[in-house]
Amino acid sequence: MEISLPANSYDWSNLVNQYGSPLLILDCNTLRNQYRRLKESLPTVDLYFAIKSLPNETVINVLHKEGCHFDIATQGEVLLLENNRVPANKTIHTHPIKRDSDIRSTLRFGCTTFVVDNEFELDKFVRYKERVGLLLRLSFPNPNAVVNLSKKFGLSVEHAPAFINRAEKLGIHIKGISFHVGSQSKLYQSHVDAITKCMEIIETNRKTRDVPMSILDIGGGFPINYDGTDIDIEEFCNPINNIIKTLPENIKIIAEPGRYISGPAMTCITSVIGKANREGIPWYYLDDGVYNSFSGQIFDHAIYPIISVRKGETRTSVLAGPTCDSIDIISENIELPDLDIGDLIVAPMMGAYTSATATEFNSLPRTHIIAVNVDEDSDTNIIQLV
Amino acid sequence: MKNQFEETLYDAHGQRFSIEEIYYEHKSAHQHIIIFHNSKFGRVMALDGVIQTTEKDEFIYHEMLTHIPILAHGEVKNVLIIGGGDGGMLREVLRHNTIKSISMVEIDKAVVDMCIKYLPKHSLGAFEDNRLNLVIDDGANFVRQSSEKFDVIIVDSTDPIGPGEVLFQHEFYINCKNILNKNGIVVTQNGVPFMQPDEVRNTEKFFSQIFKDNSFYVAPVPTYIGGNMAFGWGTDNKTYRQISLETLQQRFSSAGFKTRYYNPKIHLASFALPQYVIDIIA
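Residue numbers (the numbering used here), protein chains in the order written: chain V, 196 to 581; chain L, 6 to 287.
Everything labelled a hint here was simulated from the structure, so no lab data went into it. You may find that some hints are simply not true.
The following residues of chain V were derived to be distant from chain L, with all beta-carbon distances above 12 Å [stated by the list, open to error]:
| # | residue |
| --- | --- |
| 1 | R227 |
| 2 | Y421 |
| 3 | I426 |
| 4 | G537 |
| 5 | N557 |
| 6 | H563 |
Below, a list of computed lysine-lysine pairs in the PhoX-like style, where the Cα atoms sit at most 25 Å apart [stated by the list, open to error]:
| # | chain 1 | residue 1 | chain 2 | residue 2 |
| --- | --- | --- | --- | --- |
| 7 | L | K32 | V | K260 |
| 8 | L | K210 | V | K364 |
| 9 | L | K126 | L | K114 |
| 10 | V | K285 | L | K32 |
| 11 | L | K182 | L | K154 |
| 12 | V | K364 | V | K319 |
| 13 | V | K324 | V | K370 |
| 14 | L | K105 | L | K187 |
| 15 | L | K210 | V | K319 |
| 16 | L | K187 | L | K243 |
| 17 | V | K324 | L | K210 |
| 18 | L | K61 | L | K122 |
| 19 | V | K347 | V | K381 |
Pulled a few chain L residues facing chain V out of the computed Cβ check, cut under 10 Å [what the hints assert, rightly or not]:
| # | residue |
| --- | --- |
| 20 | E12 |
| 21 | A34 |
| 22 | Q36 |
| 23 | H37 |
| 24 | G54 |
| 25 | P165 |
| 26 | I166 |
| 27 | E170 |
| 28 | D203 |
We treat Cβ as the ideally placed atom computed from N, Cα and C, and that holds for glycine.
Looking at chain V on its own, in the form it has when it is part of the complex (with noise of 0.2 Å):
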């Protein structure tokens, strides 16, 4: 299928001319209209955008002004937020395995809510239990996500009942459940599931005891398509709602989406710097490859959109990155004109997992960031280095 260039193109020979080659151009815009819209597609729910996906301070500010929240899972992303102003009550720390000063310097920030779900994890709150709230993660393993996170972290649900007893016994505080049906879950159907089996588990705990839950953590999973096609994210999202309106009033619902606000906000330039041709196939070397901003299809098992600038009558190719390393190929089979060492290569989609992911092997620099359209209200497309 034919993939075109993103809507509001730029002039990419400009721009590399003007910061060089590699380039991550961030979109704010599309950030922001991808914020809106799984916002308005999931309207009673809190989005606590996972900075893990794209942790960058403009990524920051602009959805910090667009009323979004942020999932913390390390020091250094609260650090990320406390320069950039953003309050504390606007975040939820969620990653399940923290060392004590991971707890302490989160309190400091003044996050007091912690996700858990094992009970040497809990063990760890015990001296902080008059200051924090907790959420249990479970576990949900799901066949139809790209990345299953219920294998690393959660706890099974046949072992809830007997964690919230030993929380209590303990003097903390679960204050809801969490779950994380894993990365680009296509079925809505996993989330429906595993917020009917939460809610067993909190009316359970609700006619059984005196301390009441009140948030669910639906997680994040929110799918974005890599190869060109849009997803209905409202309609995605349309069975969720409708569990969510049968809830009672006291359940507060949040999410974690990460991926798909940052996916599509970014889009990757990179160059021809050398061609050669091997058995009959022709291979081209670009400037940036599977350890600097392509390390998502290593890591994450994202495979990008590649849009050649030149056009012509294509041939089977092979494109690879810049080090010396055998594995830095970013595809063996695909389709290209005859291209010249100078010439662009467009990979849009490349917000999520990518410069976040991105090594320094070879001794080769990072990509750099520039954003573009910063402040919405303006009418020159501003760029700004970030």
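Please arrange chain L on chain V, whose structure you already have, making use of the hints.
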């Protein structure tokens, strides 16, 4: 909508201040500090999202941590203050003319400078007094190494989560005892037991091993929310808690200054603990 400061001490509840003006705000690798004006409480200082002191109610805290041990002892010549960078504790200690020297150990000189500038009513010029020996050092380190001894040690610590953590540990209290004169007294800030029962529980555990007489006394400080605040009391002289009202009245009147919370009757009454506090430390 006005600017707001929401305290983040507890997840489930908390206090809120409207901010009329921010005088100072600084974020370092160690802590976030803010001093702002609130129409009800005057200047307010918060550290890492937790209220430390306000102009309106600081007198309760500072009077109770100074005049109680000093007047119970009766012959205090030298005092050690651990922390207390805002100068409020120093101000109250200096009102006793019989006191010859005061050492104050503050970990960060910048805190003192900032408080002189932005919370001037706390110190009221106290840092100029020539009886003061201001030491910039970690309080835990100072009590470990000091060769000087003191009649009263006042531990004006911050919350145990943060730089003040070492001031809540066993070794620190043992070292305090070691640099106390015979019949000396240690008093400590011990949190609000209704909200943070572990703080009095821990101090009780340590003090009961270290001192022949230990207890707590209490006072309600409005912006330390949750009821009475507890102050830890440790000494080897068991008679200090049995002093008569007449003796205290005599000492207080010889001291010759006016107070706003402390008086000899409050002095004696403050050692009467609510049953839930007694149960916590039992």
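List of violated hint numbers, smallest to largest: none
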